[in-house]
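Q: The chain contents come next:
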Amino acid sequence: MNKDIQVSISNKDDVSILNIKGDVTAISGESIEEAYEKVSTDGAKKVLLHFDKDGYINSGGIAILIGIASESRKKEQKIRITGLSSHFQKIFDMVGLTKYTEIFPTEELALKDF
Amino acid sequence: MMIADNKIELHIPSVMGYEKIAMECAASVAKKMGFTENRIEDLKTAVAEACLNAIEHGNKMDTSTKVGVTLTVEESKLQVAVKDEGKGIEKVIVPSIENKIEGKEKPRGWGIFLIKRLMNEVTFEPSPEGGNITKMIIYLEK
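First to last, the protein sequences are chains A and B. Our numbering puts the first residue of the first sequence at 1, with every later residue one more than the last. Our numbering puts the first residue of the second sequence at 1, with every later residue one more than the last.
In short, the hints are calculated from the structure, not lab data. Treat the hints with care, as some may be off.
Derived DSS-like pairs: lysine-lysine, alpha-carbon spacing no greater than 27 Å straight-line [claimed, not checked]:
1) B:77 to A:21
2) B:104 to A:75
3) B:116 to A:53
4) A:90 to A:53
5) B:91 to B:106
6) B:20 to A:90
7) B:104 to A:90
8) A:53 to B:20
9) B:106 to A:46
10) B:77 to B:66
11) B:104 to A:99
12) A:38 to B:135
13) B:106 to A:21
14) A:38 to A:21
15) A:3 to B:60
16) A:3 to A:99
17) A:3 to B:66
18) B:116 to A:99
19) B:20 to B:7
20) B:104 to A:46
21) A:45 to B:104
When you get a sec, could you build the whole thing from the sequences and use the hints?
A: The structure is reproduced here in structure tokens:
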């Protein structure tokens, strides 16, 4: 287990929620990939990535999330994002991730959108 | 860490994760200078990405090498120079999210793109002592 990140899985109705606490980098991102693979294997079609507002995300972490966005298209899943700071919302918009997923200010609003 | 006049210098090991030390140092200096929270966040990402490039691509994660970071404080701007011991950037490809999503490009490669978008001025140049320097300037908005 990577000590820089903690990823737990929870479910709300038919949505699988990945609760991501800590740094999202090329190294720690493996924990997110593993959790995503697990919910996908279990048949998830709706996945919410709930980030930590104080977390550090770098380009290596963004690459992991692009990989997940790419996989989700093949698997016909909907991916939604919440919990990001305004800075990382801007970064996700800059790189174009928001063309493939949507960011919501709260978990409640993200869940409503699925 | 060395502090002389308006310069702060630090050297970090070529190990992933140590970029956060340089990032936090730059953030502290910027805060002291009166930068807004939003611009400090921009600076943090740019410094972290420049250090990551130096660690990974410049120094090839060779633990016998270091990444040098120099912060130069001026009245209206902060300059950050990140120096590695590598051979320089051969070709900068503008990343495409569409290509990356479709698997035509590797998902990585956002560092320079982000640095250029977040900083006011950016240059990449060889260092006279060998290696390369990424120089970034962020202006204090009055």
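Q: Does the structure keep residue 53 of chain A and residue 20 of chain B at a Cα separation of 27 Å or less?
A: holds (17 Å)
Q: Given the proposed pairing of residue 38 of chain A with residue 135 of chain B, does the C-alpha separation stay at or below 27 Å?
A: Not satisfied, since the Cα-Cα distance of roughly 42 Å exceeds 27 Å.
Q: For the pair supplied as a hint, residue 104 of chain B and residue 90 of chain A, confirm whether the alpha-carbon distance does not exceed 27 Å.
A: holds (25 Å)
Q: Hinted pair, alpha-carbon criterion (27 Å max): residue 3 of chain A, residue 99 of chain A. Please report holds or violated.
A: Given pair residue 3 of chain A, residue 99 of chain A is violated - Cα atoms ~31 Å apart, limit 27 Å.
Q: When you check the alpha-carbon spacing of residue 106 of chain B and residue 21 of chain A, does it fall within 27 Å?
A: OK: residue 106 of chain B and residue 21 of chain A at ~26 Å, within 27 Å.
Q: For the pair supplied as a hint, residue 104 of chain B and residue 75 of chain A, is the alpha-carbon distance within the 27 Å limit?
A: holds (18 Å)
Q: Holds or violated: are the alpha carbons of residue 77 of chain B and residue 21 of chain A at most 27 Å from each other?
A: violated (34 Å)
Q: Need the status of pair residue 104 of chain B, residue 99 of chain A: alpha-carbon distance at most 27 Å?
A: With Cα atoms ~17 Å apart, residue 104 of chain B and residue 99 of chain A stay inside 27 Å; holds.
Q: Holds or violated: residue 106 of chain B and residue 46 of chain A, Cα atoms, limit 27 Å.
A: Since the Cα atoms of residue 106 of chain B and residue 46 of chain A sit roughly 25 Å apart, the hinted pair holds (cutoff 27 Å).
Q: Can you confirm whether the C-alpha distance between residue 90 of chain A and residue 53 of chain A stays at or below 27 Å?
A: Given pair residue 90 of chain A, residue 53 of chain A holds - Cα atoms ~13 Å apart, limit 27 Å.
Q: CA of residue 3 of chain A to CA of residue 66 of chain B, is that 27 Å or under?
A: Holds. Residue 3 of chain A to residue 66 of chain B sits at ~24 Å (cutoff 27 Å).
Q: Tell me if the straight-line CA distance from residue 91 of chain B to residue 106 of chain B falls inside 27 Å.
A: Given that 27 Å is the threshold and the Cα spacing comes to 15 Å, the pair holds.
Checked against the numbered hints given earlier, this structure breaks hints 1, 12, 16; the rest are met.
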